[in-house]
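Colleague: Taken in order, these protein sequences are the chains called A and B.
For the first sequence, the positions run -9 to 102 when the numbering used here is used.
For the second sequence, the positions run 9 to 123 when the numbering used here is used.
Heads up, some of the hints might be wrong.
To be verified - Calculated cross-link-like contacts (lysine-lysine; reagent style DSS-like; alpha-carbon spacing at most 30 Å): (1) K67/A <-> K48/A; (2) K79/B <-> K94/A; (3) K94/A <-> K19/B; (4) K59/A <-> K23/B; (5) K86/B <-> K94/A; (6) K12/A <-> K94/A.
Hints listed in this document are in silico derivations from the structure and should not be mistaken for laboratory results.
Just so it is clear, the structure is predicted and the values come from calculations on it, not from any experiment.
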Amino acid sequence: AQSVAQPEDQVNVAEGNPLTVKCTYSVSGNPYLFWYVQYPNRGLQFLLKYITGDNLVKGSYGFEAEFNKSQTSFHLKKPSALVSDSALYFCAVREEGTALIFGKGTTLSVSS
Amino acid sequence: EAEVAQSPRYKITEKSQAVAFWCDPISGHATLYWYRQILGQGPELLVQFQDESVVDDSQLPKDRFSAERLKGVDSTLKIQPAELGDSAMYLCASSPHRGSTDTQYFGPGTRLTVL
């Protein structure tokens, strides 16, 4: 069965510093990987996805993620964090014909 | 920019009462999903519709939960009777097609509190 893990409950970074939010996955076939962000009492907002092709995926608001098949990882990155990036981030994985499975989320806190 | 609409945004009810949530997907989106998100966890799929047909309801507690999408557009999720453990955020999402690579777009959610 497919699964996704976000090993850090919280990530703290200073504004202007690079940020990384980690995600690892387990699937039996080819993974489709997604990142979403959630602000308090709001729904999830799509950031980016990897389906196939280039391992580096660029998304909304300056975020990017790198697909690493050998390490089964799909870490979310941003070169320079903003205070407004503070939110809850979810990684999700799906295989062909299956449901989208979410990680438990990582809270990103960016300090000024 | 088109968005998924949900109502109500907040609902407080007593256990054993019936509650209903409404979702209007992005216009033209064929696939509609209902998720439950318990505090501190990621969303979990309850039911998936393709047009008016249920594609996946394997995780829907069918003894108390029901969902319908009669005309293949908007959808209603019902809980009867509500239990304390049903307190959660209920999220609706839609995607243009049924494909597994499609991006799902989420609504703002309905936060349910069962007393």
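Colleague: Each hint: holds or not?
Modeller: Here is how each hint holds up against the structure:
1. Straight-line distance between C-alpha atoms of K67/A and K48/A comes to about 10 Å, which keeps the hinted pair within the 30 Å bound.
2. Distance check on the hinted pair: K79/B and K94/A sit about 34 Å apart at the alpha-carbon level, beyond 30 Å; violated.
3. The suggested pairing of K94/A with K19/B holds, with an alpha-carbon distance near 24 Å, which does not exceed 30 Å.
4. Among the hinted pairs, K59/A with K23/B is inconsistent with the structure: their alpha-carbon atoms are about 47 Å apart, more than 30 Å.
5. Under the criterion of a C-alpha separation no larger than 30 Å, the hint pairing K86/B with K94/A is consistent with the structure, at around 25 Å.
6. Our distance criterion of 30 Å between C-alpha atoms is met by K12/A and K94/A, whose separation comes to about 12 Å.
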